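Asker: Chains as they are written, first to last, in the numbering used here: chain A, 7 to 530; chain B, 101 to 415; chain C, 24 to 299.
One or more hints might be untrue.
[Claimed, not checked] Heads up, simulated DSS-like pairs for lysine-lysine below, C-alpha to C-alpha not over 30 Å straight-line:
hint: 1; chain 1: B; residue 1: K310; chain 2: A; residue 2: K92
hint: 2; chain 1: B; residue 1: K227; chain 2: A; residue 2: K235
hint: 3; chain 1: C; residue 1: K193; chain 2: A; residue 2: K344
hint: 4; chain 1: B; residue 1: K227; chain 2: A; residue 2: K92
hint: 5; chain 1: C; residue 1: K64; chain 2: A; residue 2: K392
hint: 6; chain 1: A; residue 1: K14; chain 2: A; residue 2: K235
hint: 7; chain 1: A; residue 1: K131; chain 2: B; residue 2: K310
hint: 8; chain 1: A; residue 1: K382; chain 2: A; residue 2: K392
In case anyone wonders, no lab produced these hints; they're calculated from the structure.
Fair warning: this is a prediction, and the values are worked out from it, not measured in the lab.
Given next are the chains, with one letter for each unit.
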Amino acid sequence: MIPALAIKNYTLDYATAAGPVRVLHDISLEIAPGEVLGLVGESGSGKSSLAWALMRHLPENAREISGTLRLGDTDLLRLHPRELTKIRGRRLGMVFQDPSTALNPTLPIGRQVTETLIQHRGLSKREADALAIDLLGHVELRDPAAIMRRYPHEISGGEKQRVIIATAFGCRPDVILFDEPTTALDVITGARILELFARLREETGVAALYISHDLALVTRVADRVVVLKHGRLVEEAPAADIFRAPRHADTKALVQAVPRPERRLIHDKPGDEVLLAASDIEVHYGRASIFRQAPPPATRRIGLDVRAGEILGLVGESGSGKSSVARALTGLARFSGKVRFDNHEITAARDMNAAYRRDVQIIFQHPDASLNPRHKVGEILSRPLKLYGGSAAEIPRLLEQVRLPAPYAGRWPHQLSGGEKQRVAIARAFAARPKLVICDEITAPLDVSVQAQIIELLLALRAATGTAFLFITHDLNLIRQIAHRIAVMRGGEMVDLLPIEDFDADHVHPYTRELMAASPVPVG
Amino acid sequence: MSLAWLVRRLMLMVYTVIVVSMLVFAITQILPADAAQSLLGENATPEMLAALRAKLGLDAPAWQQYLHWAGRIFSGDFGISMRTSQPVGPDMLTALSRSLLLTVSSILVTLLVAVPLGVVAALRQGKLTDTGVSLIAYLGVSLPEFVTATLLALLLADTLHWLPATGYVSLLEDFGDGIRHLALPVLTISVILIAHVVRMMRSETLDVLKSDYIRAARLKGLPERTVLFRHALRNALLPVVTIIALDVGYLLGGIIVIEEIFAIPGIGRALMVAITTRDLPSIQAGALIMAATYAVTNTLADMAYAFLDPRIRYD
Amino acid sequence: MTELFVRLIRRPQGFVGIALLALIAMACLFGPALAPYAPEKIDFLGRFRAPGWQNWLGADQFGRDILSRLMVGARSTVPMALIATLAGSAAGAIIGVGSAYLGGRIDEAIMRTNDAVMAIPGLLMALLLVSTLGNGAGNAVIAVAIAFAPGMARVTRSVALNIRNQDYVKAAVARGESAAWIIFREMLPNAMAPIVIESTIRVSFAVMLFATLSFLGVGAQPPASEWGLMVADARQYMYQAPWGLIAPSAAIALTAVAFNLLGDGLRDALNPKDER
Chain A
7 MIPALAIKNY
17 TLDYATAAGP
27 VRVLHDISLE
37 IAPGEVLGLV
47 GESGSGKSSL
57 AWALMRHLPE
67 NAREISGTLR
77 LGDTDLLRLH
87 PRELTKIRGR
97 RLGMVFQDPS
107 TALNPTLPIG
117 RQVTETLIQH
127 RGLSKREADA
137 LAIDLLGHVE
147 LRDPAAIMRR
157 YPHEISGGEK
167 QRVIIATAFG
177 CRPDVILFDE
187 PTTALDVITG
197 ARILELFARL
207 REETGVAALY
217 ISHDLALVTR
227 VADRVVVLKH
237 GRLVEEAPAA
247 DIFRAPRHAD
257 TKALVQAVPR
267 PERRLIHDKP
277 GDEVLLAASD
287 IEVHYGRASI
297 FRQAPPPATR
307 RIGLDVRAGE
317 ILGLVGESGS
327 GKSSVARALT
337 GLARFSGKVR
347 FDNHEITAAR
357 DMNAAYRRDV
367 QIIFQHPDAS
377 LNPRHKVGEI
387 LSRPLKLYGG
397 SAAEIPRLLE
407 QVRLPAPYAG
417 RWPHQLSGGE
427 KQRVAIARAF
437 AARPKLVICD
447 EITAPLDVSV
457 QAQIIELLLA
467 LRAATGTAFL
477 FITHDLNLIR
487 QIAHRIAVMR
497 GGEMVDLLPI
507 EDFDADHVHP
517 YTRELMAASP
527 VPVG
Chain B
101 MSLAWLVRRL
111 MLMVYTVIVV
121 SMLVFAITQI
131 LPADAAQSLL
141 GENATPEMLA
151 ALRAKLGLDA
161 PAWQQYLHWA
171 GRIFSGDFGI
181 SMRTSQPVGP
191 DMLTALSRSL
201 LLTVSSILVT
211 LLVAVPLGVV
221 AALRQGKLTD
231 TGVSLIAYLG
241 VSLPEFVTAT
251 LLALLLADTL
261 HWLPATGYVS
271 LLEDFGDGIR
281 HLALPVLTIS
291 VILIAHVVRM
301 MRSETLDVLK
311 SDYIRAARLK
321 GLPERTVLFR
331 HALRNALLPV
341 VTIIALDVGY
351 LLGGIIVIEE
361 IFAIPGIGRA
371 LMVAITTRDL
381 PSIQAGALIM
391 AATYAVTNTL
401 ADMAYAFLDP
411 RIRYD
Chain C
24 MTELFVRLIR
34 RPQGFVGIAL
44 LALIAMACLF
54 GPALAPYAPE
64 KIDFLGRFRA
74 PGWQNWLGAD
84 QFGRDILSRL
94 MVGARSTVPM
104 ALIATLAGSA
114 AGAIIGVGSA
124 YLGGRIDEAI
134 MRTNDAVMAI
144 PGLLMALLLV
154 STLGNGAGNA
164 VIAVAIAFAP
174 GMARVTRSVA
184 LNIRNQDYVK
194 AAVARGESAA
204 WIIFREMLPN
214 AMAPIVIEST
224 IRVSFAVMLF
234 ATLSFLGVGA
244 QPPASEWGLM
254 VADARQYMYQ
264 APWGLIAPSA
274 AIALTAVAFN
284 LLGDGLRDAL
294 NPKDER
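Same shape as in the complex, but just chain A (with noise of 0.2 Å):
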């Protein structure tokens, strides 16, 4: 039997001034017809690459070095452009990562539908209405009709990739490429299109390649799975099996990263003493004015208390308020309520005085914005030595507390690897000797791997100092694995507290629980 799609030797090669850098080496691999073949690897490692390959869309730099791209019996390479507007979208569709972006801001839905509709399948402008409007039925998207006429700002991120999803099947094409399609989705909603994906493989026998950073829900969705490390594929095996038994060392380290609830990373108890305690908090962006009244708070009368020594995760979707409250808590928003540290008592930012702010420190998401680009290293790591006393002999000190060798001292941060820069942002919040560090989601936009060294880092810090962690994350994974207890907030209002053991209680809120089971723990 043919197979659907066949790479065979393929070598890449991107063109730089400093020379070639090759990003595919010697890449075999097959999909039988109907097969779903799980593509992971971490970022640099070449899944795009080998995606844009495939559709035939490398940059102008690409090199294709030797190898074969072949989709049923054509030959890809050798496709000439007018040929190749006759595979895309018809033979060989594609799902994109960021639904937000993938589709036009200003034609309506059903335009955006219909077109491939009409160009591949050749039907009237009447039968692709009809069509489309079906196929967003199927997908399980209500009123089909009415969505054919909003524009993409009028719908929900799950919506749009939905959308694109019917696009990518009305054409029934024999390959689709999954290029991490719930990466930009929140939890639960990327669980739904990940139901949905399984039942339109199942209707359609569609073969497809899911390429995904995320090994646990690549092995739910895939039947086979291969592993891509710096542009060579490293294991081979079926879905099933490579969690039990990994057998490259990389694969090996892959599997270990994989947070799982039940490998506790923390055994010991916080104190009983409160160091922190928020009430009433409710978040404030923009006032009212004239024309329009003030937005609802961005949080609604909130309340937690941190213990000292203690982790308190914060889990919630994007929208929920979590960032908000680590906002409110360090005066960087408006807030009412009441905040109570060391027997102080905190109703707005002006309040927050040079102790609290020594004290409670935050790090946060994106290392490439928290540290200023004008300046060095050292510079970052001296101001709060300067502020809350301490001297600049400590840097080299600080570095060495976050594995970083004492010469990076004299670095700009865009020298650094985006793990490098978490972890200067991490010295910098413990220069200040912190009792309490706020994290807003400070692994989510690094590799496993390197979530799973600086999860270490900080747990060791932790042991060393005794400080106690507000840990904000949308990974109820990570987070049962490290947390004392764990606070579920939803729309601005908190929905849960619980101490780890009462996670699997019945007790827990509905939304936590639906939480759950769409985060669902690496089977093996």
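Got chain A; can you put chains B and C on it based on the hints?
Answerer: The following block gives chains B and C in isolation, referenced to the frame of chain A:
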């Protein structure tokens, strides 16, 4: 385009006109140490000065003078020209109509030429067509209007005798001749605007072509023509609408020079005459009308933008 | 700094821009010394002499050497444009950064008013101011500076607002840094690049605006050899002696092109992220 948005936009326009009126008044009547002296010159007798001061109300405090003046202006009375002793308002509005004919034709010519040229340059990025278009556009934005006007007149009127060098003929009197007289000034303004809009159109098109949704459209197997015309063009044109509205401000400044050179009795020329003869009411009226025209154009452009971009329609 | 310069002259725009500016700077510094004739030396035998070995760029209606007048005239055009832009940019930058830092309703009020002021076209604003202050080059500098400030304020404010929302500024606020530290050490160094680029491009507008004011008779006054004035003078005789018109026009255009090129070159050189 909701009603609230429209009301807010219109109030902003009114605010703009109020601020401009204050500024124009301050510059022309308050800032000069003695407006009467500067109006009448060195040979004025004290009696003449006192009479003029009383006439202009220069003895009152500044804010009273302004309120009095603004009250008159907003009730439509722009005063009597000191040069011609005729009411300023009607003359200025006639002049404005001629200037608008000039500017609107120039914008139309610009759109017809610059948009396709910018798209072509973007599609041929780095090739000879692109370099050529970009170089000419560079030169276009680096030439002041009086240079462009003079050089074009030298070429098309004095050397080739294709077009009349100066003058204005109403389209209602003699349409053909009117167009011939409009051609050179319109061409001059268009050359400058085209240079500017081509640059914008080129860079906007390049940006849009790099966007994810264009990639998605290509990877859906749509032919390049469809990708360009259905998906790219509208999105690339959107920011250009705003740019053209901003250009109108520049254009209104530019017509002062253009009308002076080509002897067109529009508002720019009227203003220049008023400034050289120190005709205070005419200066004030001309400047106000010009700024108000700009404010109105900008509001219209914002409305056009809201109409073209579905994202702000329900704002 | 040297690294930036190297990056700048490696690009064609940057190289041509800097080469042209070096030429213009030479003319400004040593123009009178290098000029073959005195700019006001009248030669009735040489009236309207075509470009040739005696007068490289020809002579005008009084037989004055056009090249010499251009070289001397550089002084009354380019430095003025630079000073006016610098003053206008500085004023605009202060308004813009201040407005962004204050934020909220004050910011809104400042920027709405600023936008309203921009409804008066730059040339008209300059003309009104000059007619009030009196003709002359010095007043023209003030007028152009004032006409430029609102546009610069708008650009600076949007840059500053963008930086104000960066996490490193938030980190500084959360750390309890002083307002002065945040504005001068965290925000300003990051805002400088776009401000410098914008100002450089605006110098070319200033050159054109000055020439226009002189052309209209309210800037530099005869017999100065200001370039715009030279164009205005030559217009009467443009059929007899087109070189009298073309030479100063080309000088204005080249100067404007040079600053435009430098600005575009700086934009590329200061954003190394675009380099692939």
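Asker: What hint numbers does the structure not satisfy?
Answerer: Hints 2, 5 not satisfied by this model.
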